[in-house]
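Given the sequences, and given the hints that come with them, work out the whole structure.
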Amino acid sequence: MTSVLVVDDEAALVRALRINLTARGYAVTTAADGASALVAAATEHPDLVLLDLGLPDVDGIDVIRELRTWSAMPIIVLSARHESADKIRALDIGADTYVTKPFGMEELFACLRAVERRLALGAPPEPDLVVETAAFTVDLASKIVRRDGAPVHLTRTEWAILEQLVRNPDSLISGKHLLTTVWGPDRADRGHYLRVYLAQLRRKLEPEPSCPRYFVTEPGIGYRFVPDESSSNRQ
1 MTSVLVVDDE AALVRALRIN LTARGYAVTT AADGASALVA AATEHPDLVL
51 LDLGLPDVDG IDVIRELRTW SAMPIIVLSA RHESADKIRA LDIGADTYVT
101 KPFGMEELFA CLRAVERRLA LGAPPEPDLV VETAAFTVDL ASKIVRRDGA
151 PVHLTRTEWA ILEQLVRNPD SLISGKHLLT TVWGPDRADR GHYLRVYLAQ
201 LRRKLEPEPS CPRYFVTEPG IGYRFVPDES SSNRQ
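Reminder that position 40 of the sequence shown reads as 40 in the UniProt record's numbering, one-by-one numbering, no gaps.
Bear in mind the hints are in silico, worked out from the structure with no lab data behind them. Just so you know, not all the hints are guaranteed correct.
Computed list of lysine-lysine pairs in DSS-like fashion (alpha-carbon distance at most 27 Å, straight line) [what the hints assert, rightly or not]:
1) K204 / K176
2) K204 / K143
3) K87 / K101
4) K176 / K87
5) K176 / K143
The structure presented is a predicted model; accordingly, all values stated were derived computationally and were not measured.
See the structure below:
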């Protein structure tokens, strides 16, 4: 079953999309603003996103930009903006398809089928449920972390950060995304939270916490989890 995140603040349209998508076998999650959309994308891991650009809190372009810092999930824009410049900007920043409102459901489902065909042809393998490094092992299914064979106790917050990072190896995840996902949209400017918890994770898991090998900081941007196969090329 393909899962879809619908992001739109028009209640009537969201209701119609939910009914039609569910009737055709899709699993549907909804969000009415950009902050909620980013949290849902990170926690629900949808197969694709239907995104309005005119959201009440942030512009949909900013949502696309943020998603593209850590995810390649397909994004279909649903927008009343008809100008070519808006379409070009959305596609250049990372959207896969642009559908102009008002649209027919058959038009939308044709776009969905096209995206699903591309997913079927080029989908990456599902991430391993067990992530192993030379220093530690993370079992994502059972939420158990081991170092040298012994369990490592992580707080709920430490686990939430760790899971976001190891599920997206080598991907740069912005500090704002981590803050929004772990603490909520009202904490998106509290970068010191992340510095404290990343330091704790490094002390518990890194061979040399003062010279991190696996949890790498990109100054002013965010963090990466670097697996063993590429860690030797990192500073």
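Need the list of violated hint numbers for this structure, in ascending order.
Checked against the structure, no hint fails, so every one of them is satisfied.
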